[in-house]
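Student: Could you build all of it, start to finish, from the sequences and the hints given here?
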Amino acid sequence: MGFANLDKSYVGFTIAHCCTFALAIAVCGIYGSDVQYARETHKGVNSKWIFAVVVGALSALTCVIYAVPFIFARGAFFMIFWDAILFILWISLFGVFGSMYIHEDAKGDRDVERMKNTVWLDLTNALLWLIITVAIGIYWFKHRSAARTRWSGRMKV
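The C-terminal position of the sequence shown is numbered 157 in full-length UniProt numbering, with every residue numbered one higher than the one before it.
Honestly, the hints are just simulated from the structure, not real lab data.
You may find that some hints are simply not true.
[To be verified] Quick list of simulated restraints, FRET-style, between CB atoms:
| no. | residue 1 | residue 2 | range |
| --- | --- | --- | --- |
| 1 | Ser33 | Gly98 | 15 to 21 Å |
| 2 | Ala135 | Glu40 | 37 to 43 Å |
| 3 | Ala57 | Phe77 | 21 to 27 Å |
| 4 | Tyr37 | His143 | 45 to 51 Å |
Note that beta-carbon positions come from the ideal geometry of N, C-alpha and C, so glycine has one too.
Tutor: Quick look at the structure:
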(Lines of atoms letter the chains of each structure in order from A and count residues from 1; the text may use other names and numbers.)
(Lines give C-alpha, C1' and ligand atoms only; values in the text may rest on other atoms or scores of the structure.)
Protein backbone atom coordinates (compact mmCIF):
# COMPACT_ATOMS: atom_id res chain seq x y z
CA MET A 1 0.00 0.00 0.00
CA GLY A 2 1.53 3.26 -1.09
CA PHE A 3 0.54 6.87 -1.18
CA ALA A 4 -1.14 6.38 -4.56
CA ASN A 5 -3.73 4.09 -2.94
CA LEU A 6 -4.84 6.61 -0.32
CA ASP A 7 -8.13 8.42 -0.71
CA LYS A 8 -7.96 12.17 -1.38
CA SER A 9 -10.03 12.96 1.68
CA TYR A 10 -7.65 11.00 3.93
CA VAL A 11 -4.68 12.87 2.47
CA GLY A 12 -6.49 16.20 2.94
CA PHE A 13 -7.34 15.48 6.57
CA THR A 14 -3.79 14.29 7.19
CA ILE A 15 -2.35 17.52 5.78
CA ALA A 16 -4.74 19.58 7.92
CA HIS A 17 -3.79 17.61 11.02
CA CYS A 18 -0.07 18.02 10.23
CA CYS A 19 -0.62 21.79 10.15
CA THR A 20 -2.48 21.76 13.46
CA PHE A 21 0.22 19.51 14.93
CA ALA A 22 2.97 21.95 13.94
CA LEU A 23 1.07 24.92 15.33
CA ALA A 24 0.23 23.07 18.56
CA ILE A 25 3.89 22.17 19.10
CA ALA A 26 4.87 25.80 18.45
CA VAL A 27 2.33 27.03 20.99
CA CYS A 28 3.51 24.45 23.53
CA GLY A 29 7.08 25.62 23.03
CA ILE A 30 6.27 29.30 23.39
CA TYR A 31 4.07 29.02 26.46
CA GLY A 32 6.23 26.22 27.86
CA SER A 33 9.32 28.42 27.81
CA ASP A 34 7.47 30.97 29.94
CA VAL A 35 6.40 28.23 32.36
CA GLN A 36 9.99 26.97 32.59
CA TYR A 37 11.32 30.49 33.19
CA ALA A 38 8.78 31.03 35.97
CA ARG A 39 9.85 27.76 37.60
CA GLU A 40 13.56 28.57 37.33
CA THR A 41 13.14 32.01 38.86
CA HIS A 42 10.88 30.61 41.62
CA LYS A 43 7.98 32.78 40.55
CA GLY A 44 4.51 31.34 40.62
CA VAL A 45 3.45 29.61 37.43
CA ASN A 46 0.28 31.23 36.14
CA SER A 47 -2.56 28.80 35.46
CA LYS A 48 -3.29 30.53 32.14
CA TRP A 49 0.07 29.40 30.79
CA ILE A 50 -0.49 25.86 32.08
CA PHE A 51 -3.88 25.85 30.33
CA ALA A 52 -2.18 26.92 27.08
CA VAL A 53 0.39 24.12 27.31
CA VAL A 54 -2.30 21.54 28.09
CA VAL A 55 -4.47 22.64 25.15
CA GLY A 56 -1.46 22.52 22.83
CA ALA A 57 -0.48 19.08 24.12
CA LEU A 58 -4.02 17.73 23.71
CA SER A 59 -4.09 19.01 20.13
CA ALA A 60 -0.70 17.52 19.30
CA LEU A 61 -1.64 14.17 20.86
CA THR A 62 -4.93 14.17 18.96
CA CYS A 63 -3.12 14.77 15.68
CA VAL A 64 -0.72 11.89 16.38
CA ILE A 65 -3.62 9.55 17.19
CA TYR A 66 -5.52 10.64 14.08
CA ALA A 67 -2.48 9.76 11.95
CA VAL A 68 -3.37 6.08 12.43
CA PRO A 69 -5.63 5.25 9.46
CA PHE A 70 -7.77 2.70 11.33
CA ILE A 71 -8.63 5.14 14.11
CA PHE A 72 -9.32 7.93 11.69
CA ALA A 73 -11.45 5.77 9.39
CA ARG A 74 -13.61 4.27 12.14
CA GLY A 75 -14.01 7.18 14.51
CA ALA A 76 -15.30 9.99 12.32
CA PHE A 77 -18.54 10.36 14.26
CA PHE A 78 -16.77 10.67 17.62
CA MET A 79 -14.06 12.86 16.12
CA ILE A 80 -16.66 15.51 15.37
CA PHE A 81 -17.33 15.98 19.07
CA TRP A 82 -13.70 15.81 20.20
CA ASP A 83 -12.62 18.26 17.50
CA ALA A 84 -15.42 20.61 18.55
CA ILE A 85 -14.13 20.43 22.14
CA LEU A 86 -10.63 21.26 20.89
CA PHE A 87 -12.05 24.21 18.94
CA ILE A 88 -13.75 25.49 22.09
CA LEU A 89 -10.53 25.10 24.07
CA TRP A 90 -8.51 26.97 21.44
CA ILE A 91 -11.04 29.78 21.10
CA SER A 92 -11.14 30.18 24.89
CA LEU A 93 -7.33 30.26 24.91
CA PHE A 94 -7.47 32.99 22.26
CA GLY A 95 -9.97 34.89 24.40
CA VAL A 96 -7.85 34.63 27.54
CA PHE A 97 -4.59 35.74 25.96
CA GLY A 98 -6.23 38.06 23.45
CA SER A 99 -7.77 40.08 26.25
CA MET A 100 -4.34 40.32 27.86
CA TYR A 101 -2.15 41.12 24.85
CA ILE A 102 -4.02 42.30 21.74
CA HIS A 103 -4.43 45.89 22.94
CA GLU A 104 -1.15 45.90 24.86
CA ASP A 105 1.44 48.36 23.56
CA ALA A 106 4.74 46.47 23.27
CA LYS A 107 6.95 49.59 23.36
CA GLY A 108 9.93 47.51 22.23
CA ASP A 109 9.37 44.75 24.79
CA ARG A 110 10.21 41.53 22.94
CA ASP A 111 8.26 39.35 25.37
CA VAL A 112 5.06 41.31 24.81
CA GLU A 113 5.61 41.24 21.04
CA ARG A 114 6.12 37.47 21.21
CA MET A 115 2.92 37.01 23.18
CA LYS A 116 0.98 39.27 20.80
CA ASN A 117 2.12 37.05 17.92
CA THR A 118 1.30 33.90 19.86
CA VAL A 119 -2.27 35.09 20.34
CA TRP A 120 -2.69 34.94 16.57
CA LEU A 121 -1.28 31.40 16.56
CA ASP A 122 -4.01 30.54 19.06
CA LEU A 123 -6.66 31.97 16.75
CA THR A 124 -5.18 30.13 13.75
CA ASN A 125 -5.32 26.87 15.69
CA ALA A 126 -8.93 27.52 16.67
CA LEU A 127 -9.93 28.23 13.09
CA LEU A 128 -8.13 25.13 11.80
CA TRP A 129 -9.94 22.95 14.35
CA LEU A 130 -13.24 24.55 13.34
CA ILE A 131 -12.57 23.84 9.66
CA ILE A 132 -11.55 20.26 10.44
CA THR A 133 -14.65 19.74 12.60
CA VAL A 134 -17.00 20.99 9.89
CA ALA A 135 -15.19 18.99 7.21
CA ILE A 136 -15.33 15.78 9.23
CA GLY A 137 -19.01 16.41 9.92
CA ILE A 138 -19.73 16.82 6.22
CA TYR A 139 -17.60 13.80 5.40
CA TRP A 140 -19.35 11.63 7.99
CA PHE A 141 -22.79 12.77 6.85
CA LYS A 142 -22.01 11.93 3.23
CA HIS A 143 -20.43 8.54 3.98
CA ARG A 144 -22.33 7.31 7.04
CA SER A 145 -24.29 4.63 5.21
CA ALA A 146 -21.46 3.36 3.06
CA ALA A 147 -21.08 -0.40 2.98
CA ARG A 148 -17.30 -0.13 2.66
CA THR A 149 -14.58 1.47 4.72
CA ARG A 150 -14.34 5.20 4.36
CA TRP A 151 -10.76 5.70 3.20
CA SER A 152 -9.72 2.81 0.97
CA GLY A 153 -13.16 1.45 0.04
CA ARG A 154 -11.79 -2.08 -0.12
CA MET A 155 -13.17 -3.63 3.06
CA LYS A 156 -16.85 -4.25 3.67
CA VAL A 157 -18.22 -3.30 7.06
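Student: With reference to the structure, classify each hint as holding or not holding.
Tutor: Now the hints, each set against the structure:
| no. | hint | in the structure |
| --- | --- | --- |
| 1 | Ser33 <-> Gly98: 15 to 21 Å | 20 Å, holds |
| 2 | Ala135 <-> Glu40: 37 to 43 Å | 42 Å, holds |
| 3 | Ala57 <-> Phe77: 21 to 27 Å | 24 Å, holds |
| 4 | Tyr37 <-> His143: 45 to 51 Å | 47 Å, holds |
When each numbered hint is compared with the structure, no violation occurs for any of them.
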